[in-house]
Amino acid sequence: DTEVTQTPKHLVMGMTNKKSLKCEQHMGHRAMYWYKQKAKKPPELMFVYSYEKLSINESVPSRFSPECPNSSLLNLHLHALQPEDSALYLCASSQDTGLGDQYFGPGTRLLVL
Amino acid sequence: GDSVTQMEGPVTLSEEAFLTINCTYTATGYPSLFWYVQYPGEGLQLLLKATKADDKGSNKGFEATYRKETTSFHLEKGSVQVSDSAVYFCALTPREGSGSRLTFGEGTQLTVNP
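Residue numbers (my numbering), protein chains in the order written: chain A, 97 to 209; chain B, 698 to 811.
These aren't lab readings, by the way, just hints derived from the structure by calculation. Among the hints, erroneous ones may be present.
Distance ranges between label pairs, derived from CB positions [what the hints assert, rightly or not]:
1. A:S168 - B:P791: 34 to 44 Å
2. A:T112 - B:S755: 22 to 32 Å
3. A:E140 - B:S780: 26 to 36 Å
4. B:T709 - A:E140: 19 to 29 Å
5. B:N756 - A:M123: 15 to 25 Å
6. A:E148 - B:Q778: 33 to 43 Å
7. B:S700 - A:H175: 27 to 37 Å
8. A:H175 - B:D752: 37 to 47 Å
9. B:D751 - A:R205: 21 to 31 Å
10. A:Y147 - B:F715: 22 to 32 Å
11. B:Q806 - A:R205: 10 to 20 Å
Using N, Cα and C, we set each Cβ at its ideal position, and we do this for glycine too.
So here's chain A without its partners, still in its complex pose (with noise of 0.2 Å):
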């Protein structure tokens, strides 16, 4: 199974709202990712966990708060986002940061009102 899930699939919210996404991966991949993609672009690093430690973060505004609970789960928390954050986020994993190729999830297409 190589498959990497993202719930949910689309968002809407306000700027004063909070939400979260949510990446699940069952490979057993001690690496795992946030990307960020604008339309028409390829995707842009946020945040790089590698064994639930937080090991890049790609100077991301704050309003972007990732977490990685376990080897499986990596969630990124939203909060007073800017209409400029509208964006297709990406979840990956691999099998370590420098072992193993990314396997990407779908998706959550997020729109900020």
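Since the structure of chain A is provided, determine the placement of chain B on it from the hints.
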């Protein structure tokens, strides 16, 4: 730093036409090279990869050969189908496997008409 340059799109072809999407890279050492495909409304799928010079990656009729002398990894398919319509991203990592940092090209939109 590392970079990937893809041919500009969009590319529009008729069904059964030959496809080439050019990709060149700049990197130190011996990067691993990848093609990802993104179908409308979906995430990225790894299409094929090559981890050393002269390796050929292949999958679903698509092929790409790692050419170190020309720093290229062009994607080809002999006969495209309507179902191949998607965005194709060339990418690299500085080491084997894409578990380390991926550097993507800008993507090439392919449309195949019946």
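Violated hints, by number in ascending order, as checked against the structure: 1, 2, 9 and 10
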